[in-house]
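Visitor: Spelled out from the first residue to the last, the chains are:
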Amino acid sequence: MSLPRVAAEGIRALAAHKLRTFFMMAGTIVGIAALVVIMAVGKGAEQEVLKRVNSFGTHLIKINAGGGKGYTKPQAGIATLKPEDAEAIRAAISPRCDLVVSVAQKHNIPIKAGDRQTQGDVFAVDSDWHEAMPWPAKEGEGVTAEDMATMAHVAVLGTGLSKALLGDESPVGGDIQINNIRFHVKGLLEHHDVSPGGDDENNRAVIPLTTGLRRVFNQTYLTYIRVRMKDVRDVPAAAEEIRQLLHERHHITPPEQDDFSVVTAGEVAEAARGISGTLTALLAALAGLGLLVGGIVMMNILLVSVTARTKEIGLRRALGATRRAIFVQFLAESIAVTVVGAALGAAIGWGVVEALHRFASVRVLVSWEPFALAGTFALGVGLVFGVQPARRAARLSPIDAIRK
Amino acid sequence: MIELEGIAKTYAGTGPAAAVLKGVSFVIRPGEYVAVMGASGTGKSTLMNVLGCLDKPTGGRYRLDGADTGALDDDALAHLRNRKIGFVFQQFHLLERASATQNVLLPLIYAAEYPEDAKDRARRALEAVGLADRADYTPSKLSGGQQQRVAIARALILDPAIILADEPTGNLDRRSGLEVLAIFQRLHRQGRTIVIVTHDAAVAEHAQRVIVLKEGAVAEDRAVAQSRDAEAELAALPKEASP
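So the protein sequences, as listed, match chains A and B.
Here numbering that gives the first Met the number 0 is used: the first residue of the first sequence is 0, the next is one more, and so on.
Here numbering that gives the first Met the number 0 is used: the first residue of the second sequence is 0, the next is one more, and so on.
Bear in mind the hints are in silico, worked out from the structure with no lab data behind them.
Among the hints, erroneous ones may be present.
Label-pair distances were calculated between CB atoms; the ranges are [as the list claims (entries may be wrong)]:
{"#": "1", "chain 1": "A", "residue 1": "Phe22", "chain 2": "B", "residue 2": "Lys213", "range": "50 to 56 Å"}
{"#": "2", "chain 1": "A", "residue 1": "Arg323", "chain 2": "B", "residue 2": "Ala216", "range": "35 to 41 Å"}
{"#": "3", "chain 1": "B", "residue 1": "Asp228", "chain 2": "A", "residue 2": "Ser1", "range": "37 to 43 Å"}
{"#": "4", "chain 1": "B", "residue 1": "Asp228", "chain 2": "A", "residue 2": "Val386", "range": "27 to 33 Å"}
{"#": "5", "chain 1": "A", "residue 1": "Phe22", "chain 2": "B", "residue 2": "Tyr113", "range": "31 to 37 Å"}
{"#": "6", "chain 1": "B", "residue 1": "Lys140", "chain 2": "A", "residue 2": "Leu278", "range": "35 to 41 Å"}
{"#": "7", "chain 1": "B", "residue 1": "Asp228", "chain 2": "A", "residue 2": "Val303", "range": "44 to 50 Å"}
{"#": "8", "chain 1": "A", "residue 1": "Arg394", "chain 2": "B", "residue 2": "Asp119", "range": "32 to 38 Å"}
{"#": "9", "chain 1": "A", "residue 1": "Arg394", "chain 2": "B", "residue 2": "Ala234", "range": "45 to 51 Å"}
{"#": "10", "chain 1": "A", "residue 1": "Arg394", "chain 2": "B", "residue 2": "Asp228", "range": "43 to 49 Å"}
{"#": "11", "chain 1": "A", "residue 1": "Val303", "chain 2": "B", "residue 2": "Glu219", "range": "45 to 51 Å"}
{"#": "12", "chain 1": "B", "residue 1": "Asp67", "chain 2": "A", "residue 2": "Val386", "range": "32 to 38 Å"}
{"#": "13", "chain 1": "B", "residue 1": "Glu219", "chain 2": "A", "residue 2": "Arg323", "range": "40 to 46 Å"}
{"#": "14", "chain 1": "B", "residue 1": "Ala234", "chain 2": "A", "residue 2": "Lys17", "range": "44 to 50 Å"}
No farther apart than 16 Å at their CA atoms in a straight line, the calculated lysine to aspartate or glutamate pairs in the EDC-like style are these [what the hints assert, rightly or not]:
{"#": "15", "chain 1": "A", "residue 1": "Lys310", "chain 2": "A", "residue 2": "Asp192"}
{"#": "16", "chain 1": "A", "residue 1": "Lys137", "chain 2": "A", "residue 2": "Asp198"}
{"#": "17", "chain 1": "A", "residue 1": "Lys162", "chain 2": "A", "residue 2": "Glu130"}
{"#": "18", "chain 1": "A", "residue 1": "Lys310", "chain 2": "B", "residue 2": "Asp132"}
{"#": "19", "chain 1": "A", "residue 1": "Lys17", "chain 2": "B", "residue 2": "Glu95"}
{"#": "20", "chain 1": "A", "residue 1": "Lys137", "chain 2": "A", "residue 2": "Asp167"}
{"#": "21", "chain 1": "B", "residue 1": "Lys55", "chain 2": "A", "residue 2": "Asp399"}
{"#": "22", "chain 1": "A", "residue 1": "Lys105", "chain 2": "A", "residue 2": "Glu200"}
{"#": "23", "chain 1": "A", "residue 1": "Lys81", "chain 2": "A", "residue 2": "Asp257"}
Predicted, not measured: the structure shown is a model, and the values here were computed from it.
Don't be surprised by glycine CBs; every beta carbon is placed ideally from N, CA and C.
Chain B on its own, in the form it takes in the complex (with noise of 0.2 Å):
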């Protein structure tokens, strides 16, 4: 569950302040699908740092299942990050001279305890992201779309409230953005809370609900009539050698 009450965020430059959010407020509730959209410049990022618990907001209240991050530290802040959020990065961010399980297995050094079925977990989570056959792979030798199913099966190694995707696709070619599209959800499904944070209204179409935001603010916040079928595009696209 993600609370946000007035959320504010102004940067204090040598200039005049900059005022990037200006009260924002929403509720994201368990189980949910969002598409946070807007064009560059609208404080898409500085949200998205803010939901992640990267960046602290200088006014308004951001509750986190519960949990008021305003009153944490920055080693709850870390604590609360490694337990609630999985981060998918548009730049896939993994670590290019490990292999996939150990780019898998990285959030698990940074929990409070270190889970004796670690190694399965991997597994699992390559699996449920139909890499198991890569799990040795450094990520050289994975394509585009692999290495970002690497970096979900990351995400979702911890069980996390959210996954929190920035630009997921926007450095992949439309079938593999398609089909990571296509594992956010069939997450969904199974009862994952997913936020995307796009500028793009066809990967937004994909999920239930669609917060456009605006110079800093929500502008519309719309339930998605007829969300995307990744799976059926996938099957509609020309057919050609997966890689």
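Just chain A, with the same shape it has in the complex (with noise of 0.2 Å):
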């Protein structure tokens, strides 16, 4: 017996009845097709997370206003980070550090030129803030240590809210209103990319930080604190002493709640790696269950056709195939099934993540990883859900069979 012939015989049925075929593929080709987007995009936001975590700065440590572990957002309105703590924290740990930088901001903040009126997020900063986010003017000039000094009246516009009030025209030279106060518009931020998660940091006005804490905000906190090290070796030692330092300040002995998060690249590197690997594990084992599913429809279909196939696997007992010719001959049908399934399920999935990088902009990375994972997965369904049809038909009695 020819082990390649009698597998061919399966594979041959296949082609001959290309619906029955279809629909036991259907499962296989939705499953990874699936699973190779998924992994993509997921691989792909990984990628951009980290991309965005990294020009956080790795030099970077951020003392955000609010407790929380890792990544969290800070939170504006909560009065316990003041501008006292960051002096603190730049005595505490110069010379290690070359710039500490105190931000209070806050959001939907109206604001007017002329008659045209927009809402915008409002950043009262350090002068260093230019230099450690770094985020620097692409015209005029930024906040500088004398506009700190005289609580001088000066906003320096991101590009969206610029564009929002003053369309193309350069803001530069001109007047705005934050909250019905004046400010003189002394530059223009340079343009920062939409993120994928829709965050648009560009509507913004940046001013000092004395006079948004005095005349706009009126208030005497932080939202956030920024410390920039020489060394990046020197941030996990400098993160834990400036924790150590607030809780002393704050009063706070763990495990009591801390009124602040420290937070540093590193960390926010884990933590963003954890969350997006966590959800593309979810989403591809939500694929790998359809694959599962396919491979039991595709199961029934066999079965189906075992049954209805039982005058050939008469004939073939009878012209000398043996129960393993038979056995083989179905096996080779559902491992042929699910792995030019896969195949097909492949090419469409990198199809469909070709568009999406191409046409919705979504950020993506192909690896190899789905592909050994489908074709491994593939082969194992095949061979798995494909023993029982197989099994079933070999057991046929040829006498039976034949039986009109």
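Quick one: dock chain against chain with the hints and give me the complex.
Guide: Dropping the structure here:
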């Protein structure tokens, strides 16, 4: 008995019954395509997050007002972080740090230019902010130490806000009103890409911290503090020192909940990787489940086809096919279904990934893993779910099968 | 060479055991053309299954070309069928979506070794049944008679010791049936051993020898004095366009 030829018989049967074959394949095709897309998009998202985390700066330590673990967005309106904290931090860890920047921010503040009104984010910052972000002005100049000292009513606009207020006209040299307080526009920030999550950082006005706290927000607390270390290796130790310092200053004894959170790029990266990894794994598991269901559907169709093909099986047995030959033929059918289905699914998935990338600007990362996974999974599903129909076919007695 | 010695077959059912064959004995020598006859319910089909090694007798001994089939397991019986027996069924049993050639090649797939000249063999086998020009046709494009001739070509391809035909003309009109019988007679003249199982006396009269079964036993075993000649009968049929 020639096994390849017996297997070829199974595959010929598939080619001869195209519709049935398509139904058997459908589950595998969809499952694998979903797997490829999910993993490509998941990896793309992870890569994007890491890129953004690294743009946050590996030398930076961020101290947010408000507690919480991992990457929490700064919470405006929490009145625990004070400019004095920033001074204490600077005193404690200089000379290892080269910049300590305090920021108070508020969202959806009414901003006007002439008769045009919109809402924007207002960031009240230290003069070192531009360097610490880093986020320089591309036109005019940023907030200076002198602006801080004189509590100047000056603003640097993000491109989004500028466009909303003045269209394509340059805002520099003009006046705007923030909360009905007049500000002189002295600069325009460089444009930042909108994140995949839809966060637009360009819809902001940046003003001196002193002016912001006293004149606009009328508050004494900060939203966050940014510390830039000279040496990246000092970051973890400094972060720990800052935690301890703030515990002392805020009279917090763990396990009491912190009213601040200290974040470093390394921790954020870890958290982000964890979140996107978990999400991708979850979705991939879902696709795997689909694949499993596809396998069961295939098994059922194959089981029905064994009954429908009783005569054929009997004939083959009469002509000299051993039980093993029948078994191999049917197993070859199921494996061919899942493997070809996987190949088609992978191709379709790849196509969808390309389309998402090209037409919807979704960040994707195509790696070899989903394809290896798809191949292995398909082979496994074909093997596992093919055994039962193949055994049933092999068990048929030739006499019962041929009898009319 | 077929040697049957006291073959018995009893089906153990829920009720009392039913004896279908009760000690059937005969010998068929190489080159014989034998018809096994009997009305339905006489054990004819069971005997056919035993002769074809599709079923094992519950008693007696069956030797095919010297091999005691009782000693063989399922796999060995499959190999024996493949090597020694060419089946022709009443229902033709062709693969619907395969060409005549692919159907004829089917037994080779299960042979110990796939011959290199398989395609040539298939062509010769189809020539032998007069269907060389239909090699690429699927069964649905062939008439019943042609389908049965493809089945005969399939039976011939491994050059078996016997051709075992079960009511081969049962599903055919008179002309096609005679054509099939003419092919059997031609194969017989070339030295093939042929066993036809039939209920039709007219069909049986084409053989050299008739074995009649009654109630699971051989009631009659006689030579046919003057075999019918299928070719001559065909020639005597009123003219009509051949299919």
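Visitor: A separate judgement is required for each hint: does it hold in the structure or not?
Guide: Hints, verified against the model:
1. Phe22/A with Lys213/B: 50 to 56 Å: holds, 51 Å
2. Arg323/A with Ala216/B: 35 to 41 Å: holds, 37 Å
3. Asp228/B with Ser1/A: 37 to 43 Å: holds, 42 Å
4. Asp228/B with Val386/A: 27 to 33 Å: With a Cβ separation near 54 Å, Asp228/B and Val386/A fall outside 27 to 33 Å, so the hint is violated.
5. Phe22/A with Tyr113/B: 31 to 37 Å: Check passed, 32 Å falls within 31 to 37 Å.
6. Lys140/B with Leu278/A: 35 to 41 Å: Violated, at about 57 Å.
7. Asp228/B with Val303/A: 44 to 50 Å: For Val303/A against Asp228/B, whose Cβ atoms are near 49 Å apart, the range 44 to 50 Å holds.
8. Arg394/A with Asp119/B: 32 to 38 Å: holds, 36 Å
9. Arg394/A with Ala234/B: 45 to 51 Å: Taking Cβ atoms as reference, Arg394/A and Ala234/B lie about 49 Å apart, which means the hint holds.
10. Arg394/A with Asp228/B: 43 to 49 Å: For Asp228/B against Arg394/A, whose Cβ atoms are near 46 Å apart, the range 43 to 49 Å holds.
11. Val303/A with Glu219/B: 45 to 51 Å: Hint holds: Cβ distance 47 Å, inside 45 to 51 Å.
12. Asp67/B with Val386/A: 32 to 38 Å: holds, 35 Å
13. Glu219/B with Arg323/A: 40 to 46 Å: holds, 42 Å
14. Ala234/B with Lys17/A: 44 to 50 Å: holds, 46 Å
15. Lys310/A with Asp192/A: violated, 66 Å
16. Lys137/A with Asp198/A: Not satisfied, since the Cα-Cα distance of roughly 21 Å exceeds 16 Å.
17. Lys162/A with Glu130/A: Between Lys162/A and Glu130/A the Cα gap is close to 24 Å, so the pair fails against 16 Å, i.e. violated.
18. Lys310/A with Asp132/B: Violated - the C-alpha atoms of Asp132/B and Lys310/A are around 27 Å apart, more than 16 Å.
19. Lys17/A with Glu95/B: Given pair Lys17/A, Glu95/B holds - Cα atoms ~14 Å apart, limit 16 Å.
20. Lys137/A with Asp167/A: Given pair Lys137/A, Asp167/A holds - Cα atoms ~15 Å apart, limit 16 Å.
21. Lys55/B with Asp399/A: Holds, at roughly 14 Å.
22. Lys105/A with Glu200/A: Holds: Lys105/A and Glu200/A sit about 13 Å apart, inside 16 Å.
23. Lys81/A with Asp257/A: holds, 15 Å
Hint compliance for this structure: hints 4, 6, 15, 16, 17, 18 are broken, all remaining hints hold.
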